[in-house]
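**Student:** Single-letter residue listing:
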Amino acid sequence: MASTVLCSIVSAEQEIFSGQVEMVIATGAIGELGIMPGHTPLLTGVKPGPVRLILEGGEEEIFYASGGFLEVQPTAITLLADTALRADDVDEAAAVAAQQKAEQELGDQRADLDFARVSSDLQEQAAMLRTVRKLRERKG
Amino acid sequence: MAGTKELRKQIGSIQNTQKITGAMEMVAASKMRKAQERMARGRPYSDHIRSVIGHVANASPEFRHSLMIEREVKRIGYIVVTTDKGLCGGLNINLLKAIVNDVKSWVDRDVEVDFCLIGNKGAQFFRSYGGNVVASSNHVSETPAMSDLIGSIKVMLDAFEDGSVDKIYLANNVFVNTMTQTPTIRQLVPLDPEEDAELKHRWDYIYEPEARQLVEGLVTRFIEAQVYQAVVENGACEQAAKMIAMKSASDNAGEMIDELQLIMNNARQSAITQELSEIIGGAAAV
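Those protein sequence lines, which keep their order, are chains A and B.
Residue 125 in numbering that gives the first Met the number 0 sits at position 126 of the first sequence; the count goes up by one each step and never skips.
Residue 157 in numbering that gives the first Met the number 0 sits at position 158 of the second sequence; the count goes up by one each step and never skips.
I should point out that these hints are in silico values taken from the structure, not numbers from a laboratory.
Pairwise CB distance ranges (calculated):
#, chain 1, residue 1, chain 2, residue 2, range
1, A, 35, B, 215, 25 to 31 Å
2, B, 211, A, 31, 19 to 25 Å
3, A, 82, B, 103, 39 to 45 Å
4, A, 73, B, 153, 34 to 40 Å
5, A, 13, B, 96, 31 to 37 Å
6, A, 54, B, 111, 50 to 56 Å
7, A, 39, B, 46, 22 to 28 Å
8, A, 39, B, 138, 43 to 49 Å
For glycine and all other residues, C-beta sits at the position ideal for the given N, C-alpha and C.
Using the sequences and the hints given, assemble the complete structure.
**Tutor:** The structure is reproduced here in structure tokens:
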């Protein structure tokens, strides 16, 4: 049996996941990360995107995190997400609508808008969609 | 002896008060449930981030954040979380008393004290008590938003960064259960390294991207989370205390009504007796 490590995902609003996992796959600030038990201590920012957990026994679970911090200790992995969702709860239609709105706002030059905010919105929605698609792929 | 008419009026007005306190009790009870849920949901995040910060403070980082460095204490700051409204028993008084005691022990050591107040009741108190209030925000609603609090937190943190304040404490009520709320004063910065025997040896994280940026972000998030949690927790305490206060007010009103009712019945009975004896006396005289 593969060794496991305790992983918890918490967002500011609630605890999303806590349990033993074989591997955590997340989008770090400078690239994709795959973390297995016994990893050396690591502290990294997390970009909006899917977080995949390989549970004990090889089952996979997908979450969506909109950014935050990932702390890795040899015996525990903690994801402090700004907001996190189970991927099943991500509303694809709403994400598409929000993405289109953000793109439109970006296209509309005259609008008095906060460029940084809109482009980060756009990124976030795109990441949410990526999560949904990944989930769908897996379900086949 | 007071006339029955006056007594009846008095009983009526107490009954009205009892109705109001009864309604307030029920409102507080339903709000308490929501506030408690909010508190429970936020707890895992603030607990986890506290332990991560503890690890970071314990590591031997290449970069030490200014918020982690202990300095000689000349001036300290308190972030005081109180309620906006009254009618919640001794909740605010107990907290403020604890703070005043704490402040006294610092002042005795020639340390100056600044306050940053969240909530109306604290602001009212320090207006009469004196003390150097550097920031205050009130009317933080029952569903506090981070954005309402950031302003006053920032004032304190900026003061810490530029060296005018050397320690910041966070004072709020901690929810133990519905009957018990404990006033608590905790050190917020400089950060306390967590005592953990396992991690005693020298070690450090791999930082991605860069230690400074990462630790700064994490520390800011930590402090915001702590203050937010304090406000939410204080909200739950407020509703619980209010419920208890209103319950005892309703009970007291009930007792008072019973007493007055007894007096009124006595008065009425003696009036009837007197009337009867007058009639009998009159009849006997004829």
